[in-house]
Each structure stands twice: as structure tokens, then as C-alpha cells.
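In order, the protein sequences belong to chains A and B. Residue numbers for the first sequence follow our numbering, so the first one is 1 and each next one is one higher. Residue numbers for the second sequence follow our numbering, so the first one is 1001 and each next one is one higher.
Don't take every hint at face value.
Said to hold, decoys possible - For the chain B half of the interface with chain A, some residues (derived, Cβ under 7 Å), not all of them: (1) T1049; (2) T1190; (3) A1198; (4) P1199; (5) S1200; (6) K1202; (7) A1203; (8) M1205.
None of these hints come from the bench; they were simulated from the model. No experiment lies behind these values; they were computed from the predicted model shown. Just so you know, even glycine gets a beta-carbon here, dropped at the ideal spot from N, CA and C.
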Amino acid sequence: MKNVYTFIFTLVLAVAVQAQDLAKKIPSNANVVVTIKGRNVMELLSLREFSSSRLGQQIAKEIDRETKGEMATIEDLGLNVNENFYYFLETKEGVFYNTFMIPFSDTDNILKLFPRERDKIVEDGTVSYVQDSYDGIVAMWNKTTMLVVIPSDQNEDYNDYGYFDYNDHSVPPVADEVAVEVVEEAVEQVSEDAIDRVETIEEGGQVAAEFVYDETTEVIEEVIEETPDTTYDYYQSDAYKKAEAEREKRRLEREARRETAMKALQTTTLAYAKQLLNGAPSKSILQNSGYKKSMGKGDDEATVWVNDFAQIYKSALPKRLLGPTNPYEFLNLDELYGGMTITGRLNFEKEQAVMGLDYTMSDKMAKAYKPMYEGKFNKNFLGYINEDRLLGYMSVNLSTKGILEAYPELVETMFDTKATNTNDKAATIAAASSSVTRLFSLLIDEEGASKILRGDMLLLLTDLREKEVTYTDYEYDEDYNYKEVEKTKTETVPDFLFLFTSEEEKLFRNFMKIGVLENKVAFENGMYHISKTRSTPFDIYAMYKDNTIFIGSSETHLTQIKNGTYRSKLSGQLKKDISKSATSFYINGKNIVSKIPSEAFPRELRSNIDFLTNNTEDLRVNFSKIKGNAMTGELVLKTPAQGHKNSLAYFMNLIDKLME
Amino acid sequence: MLKKSLTYLFLVTLLVLNSSCFDILEEINLKKDGSGTMLITVNMSKSKTKLASIMLLDSINGYKVPSEDDIELALNDVMAHLKKSKGITNIKQTKDFENYIFSVSCDFESIESLNGITAHLIQEQNKRESTKFETSNFAYNATEKVFERKFTYDASIKKSFDYLKKEDKKVFQDASFTAIYRFEDQIEETSNTIAKIAPSKKAVMLRVDAMSFILGEKTIKNKVKLINSK
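Excised from the complex, chain A in its bound form (with noise of 0.2 Å):
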């Protein structure tokens, strides 16, 4: 019996082993990586689960019309859902190589992924794959992990349809002096026109080109049409013809790089995934020490890192806009960028599916941004607030005085290329932006303003309700001679208030006196009421209470919070999230649901109320202030106890009723 035991631990340990996650394949100086945790997702939703609902239904369907009935299910497509699934952004000399990493438990039927003749299967050693011809994507596998790779060129320095082949000026010589003067002006100027547009469409080269061919070659038509030497054809003309091959000449050298280019992709590319699939980098993605913190505990059904902003940038930027007409000559990425990295988590929790975010910058741009977020809270606010009736909130929590401080440096550094540059424009600008910043910091009183307007403010859905609106209709008299009578219907109307803090009463009453005066504002029972106008379609009141100015479209609630009657009630979770966040947001889903008319739906939806109702919980979306050079996102997406087992397979049943 110990030795059937310690056999089953030999075999487990060895499928361990086996089982290496495909992290390892990957570089450590990856820009982005995706994880797809498998065991995490499976543990949540198994595969059989996901297979029987509709949306996996939908999905066999396809890979049966795909392999022409050769599969009939995920299952035969032969993953190992229990793996880690990746995708990564490596950068090579200006070329993005997107790679897929796919793990399988048998590659067999991948073969039958391919059944079009023109998918040219290439078995080489102990891999198999497939290349585009045209764009270079590789698939590639072994016996148990398939790599897409996608590259895409940012060297590219010829261009696939050379549109500047049509944009020749010369001129065909026709007799006619002045015909020959409108021709000229006008083949320049749809040319000109023309190239500008061109310019503007970089990707669609072949459009832009058959344009500016098109329109010149028309306005020639056009010209020579009201040339008085009707005999002259120019298009049998020796110029032309000569022209002609020129541009033919023109087409084939491009061709020629665009071939000699592409087929040396196509090879770095091929060589590029055989070193992923056959080895492992010598230093790889595990070492770097950003995705592992990134990694967290581990228990994520998905993350995303993104790495070094500043880096994708200048390799995304194509060369041929490097140069003196470049826009990002006169920005300074390195300062703005450096070291900034972005961490997505998602988790299927229980009752609840978060997606976290974590954006990490460089130490000065932490230093520059830290006091914008520094705002101090109005307590007042929560007092303003009933969770019962809310459909949504947003609250800002920042610092105007900050702000105001920061934004003059934050523009400075945003310019200041002049040490990275040489480029004379751009030490102009830099100059210049940093005179006019000099000026805007010495002309504004930072504290004086955020004495008007301090920073903290929330803005609330508080209800919706009912209302009556007239509208025109009309009543025949026995002849259908009509008149028009006025009718009343109901119509759905939401509530708002919006409140932040000022010190301002002098400034704020003085505003209002003005409207008063020009009889745009009444003073009613203490507060301004500003009536609906064409231009503001529901009415609005405004007061000063407490250091805080209120404007609103319900009287009643402004008079409650007036005379101290308001009944507030906030969780103590909504009371953490707007007191200590920067911004936060927060959707009521049950409360919207339920009050929203059932005709306001989309027709398709109405039958299913009772399901949104019913499934439809709270969204809450917060963003931190900076701590460290770190600040971090939260969206919380609460989903029903019952009825679910968890909040995947809930967004699996929402699916599939949607799909009904």
C-alpha cells in the first residue's frame, strides 16, 4: 500500500513539474503582459458550465462551421484550461511582436483549426505552424502550447500604396497658352488639397491615393474639355505615356521594398516564435520585479501590467514622423511617462466582482500630482444624502489651491525638453510655456480662489419622479375641421443636487442679486429659484448654507436641508468611499431598475424587467489619493447572494438571458 502511495506522490509531482507555467517564456522587459488565470476561472465556472450556457453554446457552434464538423465542442479543441493563458507586448528595434501563449493538453486537433488549403501547415522538428503571407502572424505549436504571434512594424519607410506616385506636377503640354495656366493652377491646387487630406489619412494610403489621382485627372478632363484645340488627346501624348511608366516605374520599386521588407519580418518574426516556443529567455518576466509585485497574492482571475509608459511611446511613435515636424519633439515623455506602469486586476469574488487598478509613476511626477489630490472633505455632505432614494453619486475630492500650484510646474516639465533636444522650435515653445506658466503663478491667488471654490464637491441623482407636461393635440368638429386643445401627459423627470464648498457668500449672493435685477432669478422662501428656459429645460434652486453653495431641481429637498429636515442615511461603506477618496462614483442599479417606466426600455428588454430588477445591484467605482508615487482604482461590481453561485457565473446568467 506505501508503495502505491508514494506513487501516486512521484506522478503527481512529475505532472508538477511538467506543468511550468508559461510565464517563464516570456522577457523580462515585456511592455504588457495579460494573464488569464485558468485554475482560478475553472474553480469559479467549469468548462462543462461554460460549454452549456448559451454564449458557449454560440461558441461550439462556431468552431463547428470553422472545422467544417471535423469539432463539435470547446472540449475537442484540446485546452488546458487549467493553465495560465498570456498574452504579451515585447518591442524589438521599432518592430511590436504580440504574442498569444496558449496552453493544451493535446495539440492534436489543432490541425483541424486550418482547413483551407491556402493555411500551408510547415512541420519543422518538434514544432508545427502556419505563417500569413501577407502580414506575417504566425501560429505556432508544439504537443502542448500554442503561440500566435502578430507582429507589426513601426520601421515601416515605405508605404504600402505610394500616393506620392500620382503627385506629379508636370504639366501636359497642350496648345492652348491659357488653358495650359488652368490646368497648372488647377492640378496645383487639388493637389495641394488633396496631399493635405492624404496627410491626414495616414493608414488609408490606397483611398487617398485613387483621390488624388481621381480629382486631378478630372479637373485636367474638365480644363482641356473647354480648351478650344479639341484635337489635342493627352492621354495618347508622349508626356503622358512617358509619365506613365515613370509611375509604373515608381509602383514597382515600391512593391519591391514592400516585398523585401515584409519577407524580412515574416523571417524575424518565424525565428522570433521558434525561440519562444523552443527555450526560454535568459532572463525572464518572473525576474522583474514590478510584474512579480504586480502579480499580488495570486488569487486574480485576470491581471494586466503595463510597463514603462515612455517606452511604448517612442515605439509606437512610426520613425518617419521622427524629425524636425514631429509633435512630441516639444514634449519631454521621458518626464512624463518615466516609469509609469498600470496594474489591472480582476476578481470574481462571491457577491462581488472587483476590478482593481494600480498606477504607479516616476517620483517627481508623484511629487507634482500629490498636492492636486490633497483636498480636504466637506462632512457636511454626508448629511445631504439618502442612500434609500439615491440612484448615483460623484464626488470630487481635490485641492483647488494644489491645483493651481502644480498645473504651472506639471506644463513646464510637460515642455522642457531642452536637455533631451536639440531642436530650436522646441526650445522656443519650452521658453514660452514656461513664461506664460511664470505669469499665470504670479497673476492668480491660489489661496484667494480656493476660497471661492475649494475643491470638494458631489454631485447626486437623488430621485426620479413624476410630472406633468402639456403638449398640443387637436379636436375635429363634424367637418375635420380641427383646433388645437391643450393636452397633459406624465413624464419621468430626475432629481439633482450638486454642492460644494466656497467661503464665497459675498460673491455667490452678489452673483444671484444680479440675476435678480435682471429678472432672470427669483428669491423665493429664502432660496434663488432660476426658472426653465429653452436653454434649460427644468427648473433649478440654488442657496448658501454652511460654507457650502447648493443648486438643485427640487425645491423640497433644497428647503428640507434649509430648515434642517432633511433625513439623510448613508452606509458606512459609501461614507468611507466619498470621504476618503479623490473621485468616486457610485450607480443605486436596484434603485434605477425600479424606478425607471417600463416603456422607457428598450422594447426587447421590457419582458425581462423583472430579471433586471431582481439581478441588478450597486456599482462603486473609487480612485485613491497619491500615496507614495502609487495611486489606486477600485470598480466594485456588486452582484445578487441568490440565484448565482458566484459573480462570474452571474455575468454568464446575465448573458444568457440577454441572449433569449
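Could you slot chain B onto chain A? The hints should help.
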């Protein structure tokens, strides 16, 4: 900035919550000799809250929202077109931007003059979209005493509707078209079974909801036989 943000939030909520619909009213008073008056009214007052909100936005569902100036310009174009049409006189327009009711009226010398207003536009449409709409909308036979509202349903109507986004389709859910034709003689019978003859027998009203019209379930086509009183 603040007002703009608040207004925007409010508007978006209003747009989601409130329905939009419109009514088109086509009226013709026809004399025995075939001349008469015509009045077209577009009444969007049931959607005025929504329209007032839409008018404050730059664009909605990917379409540019016309300003009051744009609408004025379009109405002026209609007026200019009518002025150029043969046999059309006494052209008037009304516009009410508070209630979103717009109308254009005119006198016509004969049914041919009335048809002349839109004939060219329909020809253009048929040519452009390969549709088969009749180029004349009305006919009147003074001898037989028969007035006709012509219309041939073309599948392109439903096709164009299907092409719209879901949100845009909602606009037509509660819209309707009403035609009222008044005569000096009494009506003997009408071909369209939905049409209602007035108690005085001198007018007929036909109301078709937009969805039935778009789907081809109901038609605005109607033949009105008048009693020959001489």
C-alpha cells in the same frame, strides 16, 4: 462649464427616460374645379421635453442635432421651392419652437400643380435608390368626381428602417400620419377601409401609425368617390 456638465447629465437622463414621437398632418381642401388649399403640419409637441433636451446637444446617436437656425433654413428652402413651383400661390409657414409645431400651407391651381411640387424630388429618389414610388401623389377626375391619394409601398421603406439603429427606431414607435381631405360635394365612398367619413359627409380622415406604414401593413392610399351634385 459647471452648468454645461450639469445640463448634460440632466439631458442624458431625460433622453433615456422620455419617449419621442411625432404626428404628421396632411390636409387638403379641394374645390369642384380641382383647385384648393393644402396644409402640412408636423407636430412634435408630445416630445417637446426630449426635443428641447436634444436641441441643447451637439449630436445624438451619431447624428448632428440641427439648430433652430438650421430648421429655419430648411423651412426657407421649402418656401423657396414652393415659390418656384408652377400654380402654387399664397404660401405661408408657421413655426413654434416652444411646442415644436411647424406647418406650411399653400393654394394650388390644380392637382397637377400640387403634384408638380414633389414630382421632381420623387423622380430623383427613384433614380438614386432604384425605388418605384409614384411621381404624382394625387389625382382628381372632375367629371367622374373621384379624388385619389396615390401611394405604392416600396420595400425600400422597411429596408431603410431596418438599417436604423435601435435607438433611432424608437422615434417611430408612437408616430402617426393623418390625412384630412375636405370637399364641396358629399362623399359617396372611400376605398381605404381605415378612412373615416365625417358626419357631414364632406370630409374624410385617414390615420395610419408610422410602424404599420413602414412595415406595409397599412396604406395611406385612398380613392374618394364624391356624389355628383352638379
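Results of checking the hints against the structure:
no.	hint	result
1	T1049	6 Å, holds
2	T1190	13 Å, violated
3	A1198	5 Å, holds
4	P1199	4 Å, holds
5	S1200	5 Å, holds
6	K1202	6 Å, holds
7	A1203	4 Å, holds
8	M1205	5 Å, holds
In summary, the one numbered hint that this structure violates is 2.
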